[in-house]
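Read top to bottom, the protein sequences are chains A and B. Each step along the first sequence adds one to the number in my numbering, with nothing skipped, and position 106 is 106. Each step along the second sequence adds one to the number in my numbering, with nothing skipped, and position 7 is 7.
Hints were generated in silico from the structure; no laboratory data involved. Treat the hints with caution; some may be incorrect.
Claimed, not checked - Each computed BS3-like pair below joins lysine-lysine, with the alpha-carbon atoms no more than 30 Å apart: (1) B:Lys71 to B:Lys57; (2) B:Lys17 to A:Lys57; (3) B:Lys71 to A:Lys57; (4) A:Lys11 to B:Lys100.
What the hints assert, rightly or not - Pulled a few chain B residues facing chain A out of the computed Cβ check, cut under 8 Å: (5) Ser7; (6) Gly43; (7) Pro44; (8) Leu47; (9) Ile49; (10) Phe52; (11) Gly60; (12) Thr63; (13) Ile93; (14) Lys100; (15) Gly104; (16) Gly106; (17) Lys112.
Said to hold, decoys possible - So the derived list for chain B, only partly shown, Cβ under 7 Å to chain A, looks like this: (18) Arg42; (19) Ser46; (20) Phe103; (21) Gln105.
C-beta atoms are modelled at their ideal positions from N, C-alpha and C, and glycine is treated no differently.
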Amino acid sequence: GAGVSQSPSNKVTEKGKDVELRCDPISGHTALYWYRQSLGQGLEFLIYFQGNSAPDKSGLPSDRFSAERTGGSVSTLTIQRTQQEDSAVYLCASSRRDLQNIQYFGAGTRLSVL
Amino acid sequence: KNQVEQSPQSLIILEGKNCTLQCNYTVSPFSNLRWYKQDTGRGPVSLTIMTFSENTKSNGRYTATLDADTKQSSLHITASQLSDSASYICVVIVYNQGGKLIFGQGTELSVKP
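Given the sequences, and given the hints that come with them, work out the whole structure.
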């Protein structure tokens, strides 16, 4: 596609429910990143996929968070048993190979946990 | 601890005026530094990328400077336009650490007519 696409754009869920956020990177980009932007906070790194290498999961805040990237393209970020502190905008980005290339960000998914 | 600090937190200027945003970092080892512009409700968009050896880089009305000795960067906006109203985020990439970008809190710029 022309840009990084994320869905849904907004998600409201109840505390304790699981949610799945989707990211469709730019075609041909082998690197994909997930970040979280909480209200009044800077962007926080979550996870990084690079080609077929094992993902860098060091930014995931707890074991309730997981992500996968199927077929080297679309990625899903899953949050289990959501908590109110999970409320944030979740941003996905992709780049051609790695961090030495420009990252292109999606518009984000705004998650609200009630 | 790897940190990126930006100042001011927010800034209001009149259309047509210039402004300078500051970024100080304590990231090591340093790979490169980027400035992003983030419009409300949108993802960040890259403005400039600067490596260790680069002192100045321009992108239209945006000019970024980098002093690797003092670990400071600035973003200068010339002849501001209403469309420059956005959050400007300074980001430092840690060398050889995958996707780890260290983000500043951003400077909220409002350009008034």
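Hints, verified against the model:
no.	hint	result
1	B:Lys71 to B:Lys57	16 Å, holds
2	B:Lys17 to A:Lys57	43 Å, violated
3	B:Lys71 to A:Lys57	28 Å, holds
4	A:Lys11 to B:Lys100	26 Å, holds
5	Ser7	14 Å, violated
6	Gly43	3 Å, holds
7	Pro44	5 Å, holds
8	Leu47	10 Å, violated
9	Ile49	7 Å, holds
10	Phe52	13 Å, violated
11	Gly60	16 Å, violated
12	Thr63	18 Å, violated
13	Ile93	5 Å, holds
14	Lys100	5 Å, holds
15	Gly104	6 Å, holds
16	Gly106	7 Å, holds
17	Lys112	23 Å, violated
18	Arg42	6 Å, holds
19	Ser46	5 Å, holds
20	Phe103	4 Å, holds
21	Gln105	5 Å, holds
Taken one by one, the earlier hints fail for this structure at numbers 2, 5, 8, 10, 11, 12, 17, listed in ascending order.
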